Amino acid sequence: MNKKQKKMLIRILLAACLMIAMNFIPVTGMLRFALYLVPYLIIGYDILIKAWKGIKNRQVFDESFLMAVATIGAMALAVYEDGDYTEAIAVMLFYQIGEWFQSYAVGKSRRNISELMDIRPDYANVEQDGSLVQVDPDEVEIGSVIVVQPGEKVPIDGVVAEGSSSLNTSALTGESVPRNIGAGEEVISGCINMTGVLKIRTTKEFGESTVSRILDLVENASSRKSKSENFISKFARVYTPLVCCSALALAFLPPLVRMSMLGLPADFGDWIYRALTFLVISCPCALVVSIPLSFFAGIGGAGNAGVLVKGSNYLETMSQTRCVVFDKTGTLTEGVFEVNAVHHNEMEQEKLLEYAALAESASSHPISKSLQQAYGKPIDRTRVSDIQEISGNGVTARVDGHMVAAGNGKLMKRLQVEYKDCHHTGTIVHMVIDGVYAGHIVISDRIKSHAKEAVAALKSAGVNRTVMLTGDTDAVARQVAAELGIDEVYSELLPEGKVQKVEELLEKKNEKEKLAFVGDGINDAPVLSRADIGIAMGAMGSDAAIEAADVVLMDDDPLKIAKAVRISRKCLRIVYENIWFAIGIKAICLLLGALGIANMWLAVFADVGVMILAVLNAIRALFVKKL
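If you use the numbering used here, the sequence shown corresponds to residues 2 to 628, in order.
Since the hints were derived computationally from the structure, they do not count as laboratory data. Since we're looking at a predicted model, the values are computed, not measured. Treat the hints with caution; some may be incorrect.
[Said to hold, decoys possible] Keeping only pairs whose Cα atoms sit at most 25 Å apart, straight-line, the calculated BS3-like set for lysine-lysine is:
(1) 7 to 311
(2) 502 to 453
(3) 205 to 51
(4) 200 to 378
(5) 414 to 502
(6) 453 to 352
(7) 7 to 51
[Unchecked claim] Okay, the calculated beta carbon distance ranges per label pair:
(8) 402 to 196: 23 to 29 Å
(9) 411 to 508: 32 to 38 Å
(10) 460 to 370: 43 to 49 Å
(11) 436 to 497: 26 to 32 Å
(12) 436 to 129: 27 to 33 Å
(13) 514 to 249: 45 to 51 Å
(14) 401 to 135: 43 to 49 Å
(15) 475 to 132: 29 to 35 Å
(16) 246 to 489: 42 to 48 Å
(17) 378 to 435: 20 to 26 Å
(18) 378 to 489: 30 to 36 Å
Note that CB positions come from ideal geometry on N, CA and C, so glycine has one too.
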């Protein structure tokens, strides 16, 4: 508990003890009123202040106003009748108990998210004159070498220049097993170095690093409200003044009708009491508090599971997902391409790989990187000129004065060069040197370990259609799709082709059913934006993909997609449970209150009791480990 919660708990206990003690003090009249006023003010002074400020700022109709009017009215009636002040104090007391429960629940949700916030690094170690100096991570430039000692957080994304160690990535990915890292491997900020000293050459500024992007996502998540939250906010703005007018009518119209038309006693006291009871019952606390809290808890629970949801509106949309569209490379496969074979080469294999690596040296595409890795020597960029990357085709470049082209069958057709198909499954890079076909290189990718399980988990979670889009060859695409159990596959697509295909799928689907796209590359950013819900790989995905996505998987594990869907559905189920429960109970109690059957104690249950139960139900959205 924080200081504010502890203070409120003391007030609740003190007011409750004083209220009970008053029952044993035999006093009457104004002295009795003055004594009961003490616990009333102890427990309710802040509500009265809020109500007064609301009136001053012309924002009258809120929960504080309803509580203030109802309890002050009940106190006034008790003074008039020299009756029981306990009801008025109890209403305020139980309302504050409900507020305390709500505050505690929000605090628990925040703590779940704040565990994620602990990944923020406070400093970076830079070596100066043989000693380590702690500097602000914002001051570290790209290309600088930072030192991360055992027990310290990695402050900025980079590549290990020296050393080896084990990294604790649980804060980022939820994965409890440490990850072993060595020289030449990429590391992302937010991980904790466990064993050895690491020297890391930074590849990004602090503001662009993984940890900073994650924290921005978390901080901005609450600003994007769901339809349910927006509805409740609008509902409260209309509902509260309507209730106040109804209570006023209930207080004065029946007595006037009894006097003028029926010739009966007015019984103003009875009808005012009914109106006050009506006000307490009608307070929309349960809805106004529990619905945003449910979504907040859902986002917190998802964050704890390694799934970052950028807003409650996306949580709501994800719960309706019935079609999931996947990119292939880097999403379902590792994106780690390896050269497996060289066929039909007219020159030495090493020489052909050298030409291919140099021609592709300006590209960050995984295939280009695999060619450079297979070449295995430093790339001399001075040997390369006139590089031209043709989207969806390949590259052309001048290497050592020779015109080199490296790409797929489309590039060969574009250059009007006859090429030889390969009977091996994989990505085929055809080579042309000085206009003559020089052979092809076979490159294959590895399917992610959980990819097949992820597709099966989605189908068991209620997703009835899985689709794969890729720029790869049809043979490779169909082989991967068959292995994973994917329903539909569309291959040899350019980036704009993926967008077009997603738009076609969106047109064909039912309006209530949502389509999710899962991708990781910069070429996936337009599709992620176009889909109903965009899901990006957060660990190794591109910045553009993460920015465009609505949901980010922290550890690139496709199995988390099904978990995210189940979390969202649990959250929405809780939201609807709270809505129907709160409205149902209040409707019954309002009717009883208007008929004079309900007293202030039933009103307390209808307001505060329902709110406490709704809050406790909302907290369930935090518990997602077993989903």
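Hints and how they fare:
no. : hint                   : verdict
1   : 7 to 311               : violated, 32 Å
2   : 502 to 453             : holds, 23 Å
3   : 205 to 51              : violated, 47 Å
4   : 200 to 378             : holds, 23 Å
5   : 414 to 502             : holds, 24 Å
6   : 453 to 352             : violated, 38 Å
7   : 7 to 51                : holds, 20 Å
8   : 402 to 196: 23 to 29 Å : violated, 50 Å
9   : 411 to 508: 32 to 38 Å : violated, 27 Å
10  : 460 to 370: 43 to 49 Å : violated, 33 Å
11  : 436 to 497: 26 to 32 Å : holds, 29 Å
12  : 436 to 129: 27 to 33 Å : violated, 55 Å
13  : 514 to 249: 45 to 51 Å : holds, 46 Å
14  : 401 to 135: 43 to 49 Å : holds, 48 Å
15  : 475 to 132: 29 to 35 Å : violated, 59 Å
16  : 246 to 489: 42 to 48 Å : violated, 56 Å
17  : 378 to 435: 20 to 26 Å : holds, 23 Å
18  : 378 to 489: 30 to 36 Å : violated, 42 Å
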